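Protein chains: 2
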Amino acid sequence: MSKANHTDCSSAMLPVRDALDVISGKWKLIILISISSGNHRFREIERSIGKINSKVLAKELKDLEEHKLIKRTVYDESPVFVEYTTTPYATTLGKVIKELRDWGLNHRKEIIGK
Amino acid sequence: MSKANHTDCSSAMLPVRDALDVISGKWKLIILISISSGNHRFREIERSIGKINSKVLAKELKDLEEHKLIKRTVYDESPVFVEYTTTPYATTLGKVIKELRDWGLNHRKEIIGK
Numbered sequence: 001m002s003k004a005n006h007t008d009c010s011s012a013m014l015p016v017r018d019a020l021d022v023i024s025g026k027w028k029l030i031i032l033i034s035i036s037s038g039n040h041r042f043r044e045i046e047r048s049i050g051k052i053n054s055k056v057l058a059k060e061l062k063d064l065e066e067h068k069l070i071k072r073t074v075y076d077e078s079p080v081f082v083e084y085t086t087t088p089y090a091t092t093l094g095k096v097i098k099e100l101r102d103w104g105l106n107h108r109k110e111i112i113g114k
Numbered sequence: 001m002s003k004a005n006h007t008d009c010s011s012a013m014l015p016v017r018d019a020l021d022v023i024s025g026k027w028k029l030i031i032l033i034s035i036s037s038g039n040h041r042f043r044e045i046e047r048s049i050g051k052i053n054s055k056v057l058a059k060e061l062k063d064l065e066e067h068k069l070i071k072r073t074v075y076d077e078s079p080v081f082v083e084y085t086t087t088p089y090a091t092t093l094g095k096v097i098k099e100l101r102d103w104g105l106n107h108r109k110e111i112i113g114k
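Chains as they are written, first to last, in the numbering used here: chain Z, 1 to 114; chain C, 1 to 114.
Please note: incorrect hints may appear among the correct ones.
Quick list of the computed label-pair ranges, beta carbon to beta carbon [as the list claims (entries may be wrong)]: (1) GLU83(Z) - VAL74(C): 55 to 65 angstroms; (2) TYR75(Z) - LEU14(C): 31 to 41 angstroms; (3) ARG47(Z) - ASP76(C): 54 to 64 angstroms; (4) ASN53(C) - PRO79(Z): 47 to 57 angstroms; (5) GLU65(Z) - THR73(C): 15 to 25 angstroms; (6) GLU66(Z) - GLU83(C): 38 to 48 angstroms; (7) LYS51(Z) - VAL56(C): 24 to 34 angstroms; (8) ARG108(C) - GLY38(Z): 29 to 39 angstroms; (9) LYS98(C) - ARG108(Z): 15 to 25 angstroms; (10) GLY94(Z) - THR91(C): 19 to 29 angstroms; (11) LYS71(C) - PRO79(Z): 51 to 61 angstroms; (12) ILE111(C) - SER11(Z): 11 to 21 angstroms; (13) THR85(C) - ARG43(Z): 42 to 52 angstroms; (14) SER11(Z) - LYS68(C): 24 to 34 angstroms.
Hints in this document: simulated from the structure, not taken from any laboratory.
Here the structure is a predicted model, which means the values were calculated and not measured.
Even for Gly, the Cβ is constructed at its ideal location relative to N, Cα and C.
Using the sequences and the hints, build the whole thing.
Right under this line is the structure:
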């Protein structure tokens, strides 16, 4: 394989890096899965994921909103409440999540042997 | 969509979380792309990625080796040198990298408008 110089490599890397910047970290895709599984309130999302700190969840929800992957709706009722829903754009991550899930299942068998 | 309780969610999340644990962070997939593009020496990999700190690269290479995604070979010549190559197992990440790249290309257009 010819030695790819800096430019060849970074052109292949840039889009992957863009994607990783959006979904990086342990939680973002997990939060999207939770919301798309029907958990729309902060506490529901938090409970469905288990070991996530509220501050971290709040920050990740904000990032996901900025990347237009979720929508935050405030219901001005009594009491006021907030719900999170995935946007149509979030469905474009469907294939990424599927391939990660398939790879994760296989990795568990391959490496962890369970 | 019925409200997924904690168990339904975590069974969908676990394999994705397993995969993210392996490839998490900004660098692991980028390093794999660099090595599979023909960069096998530490300095080559470092130069091909650009903004990565040597200590971080050393740690990520060690992690990738532990997850059986790359192989480290020491050539006992004069001077001694070390080369990194991707393992057959690393090719199983091909689909994940493809989907991330396609999503990243689209995201750039959608969000960044370039």
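Now the hints, each set against the structure:
no., hint, in the structure
1, GLU83(Z) - VAL74(C): 55 to 65 angstroms, "56 angstroms, holds"
2, TYR75(Z) - LEU14(C): 31 to 41 angstroms, "32 angstroms, holds"
3, ARG47(Z) - ASP76(C): 54 to 64 angstroms, "55 angstroms, holds"
4, ASN53(C) - PRO79(Z): 47 to 57 angstroms, "48 angstroms, holds"
5, GLU65(Z) - THR73(C): 15 to 25 angstroms, "46 angstroms, violated"
6, GLU66(Z) - GLU83(C): 38 to 48 angstroms, "41 angstroms, holds"
7, LYS51(Z) - VAL56(C): 24 to 34 angstroms, "25 angstroms, holds"
8, ARG108(C) - GLY38(Z): 29 to 39 angstroms, "31 angstroms, holds"
9, LYS98(C) - ARG108(Z): 15 to 25 angstroms, "22 angstroms, holds"
10, GLY94(Z) - THR91(C): 19 to 29 angstroms, "23 angstroms, holds"
11, LYS71(C) - PRO79(Z): 51 to 61 angstroms, "58 angstroms, holds"
12, ILE111(C) - SER11(Z): 11 to 21 angstroms, "19 angstroms, holds"
13, THR85(C) - ARG43(Z): 42 to 52 angstroms, "48 angstroms, holds"
14, SER11(Z) - LYS68(C): 24 to 34 angstroms, "28 angstroms, holds"
In this structure, the one hint that does not hold is number 5.
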